[in-house]
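As given, the protein sequences belong to chains P and E, one line each in that order.
Under my numbering, think of the first position of the first sequence as 1, with each following residue one higher.
Under my numbering, think of the first position of the second sequence as 253, with each following residue one higher.
It cannot be assumed that every hint is accurate.
[Unchecked claim] Far from chain P by the CB rule (all over 10 Å, computed), these chain E residues:
(1) Leu291
(2) Arg300
(3) Phe301
(4) Gly321
(5) Pro446
(6) Phe459
[Claimed, not checked] Among the chain P residues that face chain E by a calculated CB cut under 10 Å, a handful are:
(7) Cys99
(8) Thr100
(9) Asp109
(10) Lys120
(11) Pro124
(12) Ala149
(13) Ala154
(14) Ser155
(15) Lys156
(16) Gly157
(17) Val159
(18) Leu162
(19) Asn165
(20) Cys179
(21) Arg217
(22) Gly241
Honestly, the hints are just simulated from the structure, not real lab data.
Cβ coordinates follow ideal geometry from the N, Cα and C atoms, glycine included.
Okay, here's what each chain looks like letter by letter:
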Amino acid sequence: MPRLENKVVLLSGGASGIGAESARLVVREGGKAVLADRDEAKGRTLAAELGDAALFVPLDVTQEAGWQSAVAASVERFGGLHGLLNAAGVGVRNSIEDCTLAEYRRVNDINALGTFLGCKTAIPALKQSGGGSIVNISSVLGLRGASYAMAYCASKGAVRTLTKNVALHCAQMKYNIRCNSVHPGYIDTPMIAPRLSQTVGNRSGRQDLEELHPLGRLGRPEEVANMILFLLSDESTFSTGSEFVCDGGLTA
Amino acid sequence: MSGELSGQVAIVTGGASGIGAASAALLAGQGARVIVADLQDAKDGTGRFVSHDVASEESWKSLLADVLGREGRLDIVVNNAGISGGFANAETTTVESWQHVQAINSEGVFLGCKYAIQGMKKSGPDKPASKGSIVNISSIAGLIGSAGPTAYTASKGAVRLLSKSVALYCAEQRYNIRCNSVHPGGVDTPIFNPLWQAMGHEQGKAFVGSRHPIGRMAEPVDLGEVVLWLASDRSSFVTGAEIVADGGLTSGLMKR
Numbered sequence: 001m002p003r004l005e006n007k008v009v010l011l012s013g014g015a016s017g018i019g020a021e022s023a024r025l026v027v028r029e030g031g032k033a034v035l036a037d038r039d040e041a042k043g044r045t046l047a048a049e050l051g052d053a054a055l056f057v058p059l060d061v062t063q064e065a066g067w068q069s070a071v072a073a074s075v076e077r078f079g080g081l082h083g084l085l086n087a088a089g090v091g092v093r094n095s096i097e098d099c100t101l102a103e104y105r106r107v108n109d110i111n112a113l114g115t116f117l118g119c120k121t122a123i124p125a126l127k128q129s130g131g132g133s134i135v136n137i138s139s140v141l142g143l144r145g146a147s148y149a150m151a152y153c154a155s156k157g158a159v160r161t162l163t164k165n166v167a168l169h170c171a172q173m174k175y176n177i178r179c180n181s182v183h184p185g186y187i188d189t190p191m192i193a194p195r196l197s198q199t200v201g202n203r204s205g206r207q208d209l210e211e212l213h214p215l216g217r218l219g220r221p222e223e224v225a226n227m228i229l230f231l232l233s234d235e236s237t238f239s240t241g242s243e244f245v246c247d248g249g250l251t252a
Numbered sequence: 253m254s255g256e257l258s259g260q261v262a263i264v265t266g267g268a269s270g271i272g273a274a275s276a277a278l279l280a281g282q283g284a285r286v287i288v289a290d291l292q293d294a295k296d297g298t299g300r301f302v303s304h305d306v307a308s309e310e311s312w313k314s315l316l317a318d319v320l321g322r323e324g325r326l327d328i329v330v331n332n333a334g335i336s337g338g339f340a341n342a343e344t345t346t347v348e349s350w351q352h353v354q355a356i357n358s359e360g361v362f363l364g365c366k367y368a369i370q371g372m373k374k375s376g377p378d379k380p381a382s383k384g385s386i387v388n389i390s391s392i393a394g395l396i397g398s399a400g401p402t403a404y405t406a407s408k409g410a411v412r413l414l415s416k417s418v419a420l421y422c423a424e425q426r427y428n429i430r431c432n433s434v435h436p437g438g439v440d441t442p443i444f445n446p447l448w449q450a451m452g453h454e455q456g457k458a459f460v461g462s463r464h465p466i467g468r469m470a471e472p473v474d475l476g477e478v479v480l481w482l483a484s485d486r487s488s489f490v491t492g493a494e495i496v497a498d499g500g501l502t503s504g505l506m507k508r
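Next comes chain P alone, as it looks inside the complex:
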């Protein structure tokens, strides 16, 4: 039996990387995927490839009105909402000394405010559909610091605790809505592409990042998507407010 039969899942950042791979799994497992992304071209292409079980909606995650339209479109097209994946995010390298206030705000708006708005907007629709599962993509850098990614660390730390707040609120209200965070290591996605082509000392950027992981390689988007699929499905119904790590041993 498919693991997400007739479940409707809204995915921010659904046009590429972890979001896109998750959308493929949602459809493969009998669910409906609503791809919400700023990248219209990529999003529409993937939605077309996935067929009738998918829909593309344009979304800037920092805009509450955009989220409301995305949730409304999901319900209108597929009759309900059972899952939300907050995968949209930006990876930015900066340190405490070179990050400007404007940049700090931009990163936190997309990664943290965007995730909050996703949760806030989806909860009423999830409730209406009898409950569901919210999955927020944090990072290993929401668990550990990095000297070179100050604003990103802050935003992912915010997602980590925001997730627990949402989980406990929904539990207290008896909404039957779960909320968990996923903490990937370095995954081979467009987000880290610029780093892969850099040279670090006498190694390639790719080798440098690979060596951070005890498994000796980067993660693949589908490896994270498999964890997300578990969390979106009814296989994980006793998990809420938790941190799910998918990092090749990086934080071990």
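Since chain P is already given, all that's left is putting chain E on it; use the hints.
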């Protein structure tokens, strides 16, 4: 004044009340020259008051210029100013209130660290090299979350991780500047005023205290002692750490 912080200069944001005021008093007690950076003067507080808005970069620039100009050095920054932002939850928090809380609790600490480093790197006649300690007040809400205020919880999670990034960066640069986060449980400070108004101070305090394994709320001085320890050389190998002072609240389960 003599003491183990004699000659050192400390900035305490939100230093006019609560944990900030207690920290300011303890730092001054060890001989530090303390600048109380707050929106409003406490009048009977410790140290020199400088009007300061942590959310404003301009305010940080002028605060640092004032401190370096008048005191000649900077050794300690306690990023303590913060607000709860009320009790709005994941469904009732507005974008405006989210931004307001982040501006003070998250951006304010970001700016505090950034300008702290600028000041602490400077050497002078009585400070031979770059050195300092940054103490960021997070919360147990930055560790375990709660069903309570959503924007606050997120902001304290941001402070927790940003502190580690700052610690690692300063270590990498060999600045001899440490940075740690402090995670208090319930402390009897003005941040609880809404609850005191609803329940009465003594009753409210007993209620919140009963949720802590240790059986009481913290007094501001309990946290001031933690801040003093982190600010001083007694904690010289501690950086990027989360110092929990919560009466056992996040330790685990009690018999019930």
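Taking the hints in turn, this is what the structure says about them:
no.: 1; hint: Leu291; verdict: 19 Å, holds
no.: 2; hint: Arg300; verdict: 26 Å, holds
no.: 3; hint: Phe301; verdict: 25 Å, holds
no.: 4; hint: Gly321; verdict: 21 Å, holds
no.: 5; hint: Pro446; verdict: 18 Å, holds
no.: 6; hint: Phe459; verdict: 18 Å, holds
no.: 7; hint: Cys99; verdict: 8 Å, holds
no.: 8; hint: Thr100; verdict: 9 Å, holds
no.: 9; hint: Asp109; verdict: 9 Å, holds
no.: 10; hint: Lys120; verdict: 6 Å, holds
no.: 11; hint: Pro124; verdict: 8 Å, holds
no.: 12; hint: Ala149; verdict: 7 Å, holds
no.: 13; hint: Ala154; verdict: 4 Å, holds
no.: 14; hint: Ser155; verdict: 7 Å, holds
no.: 15; hint: Lys156; verdict: 7 Å, holds
no.: 16; hint: Gly157; verdict: 3 Å, holds
no.: 17; hint: Val159; verdict: 7 Å, holds
no.: 18; hint: Leu162; verdict: 4 Å, holds
no.: 19; hint: Asn165; verdict: 4 Å, holds
no.: 20; hint: Cys179; verdict: 9 Å, holds
no.: 21; hint: Arg217; verdict: 24 Å, violated
no.: 22; hint: Gly241; verdict: 6 Å, holds
Hint compliance for this structure: hint 21 is the single one not met.
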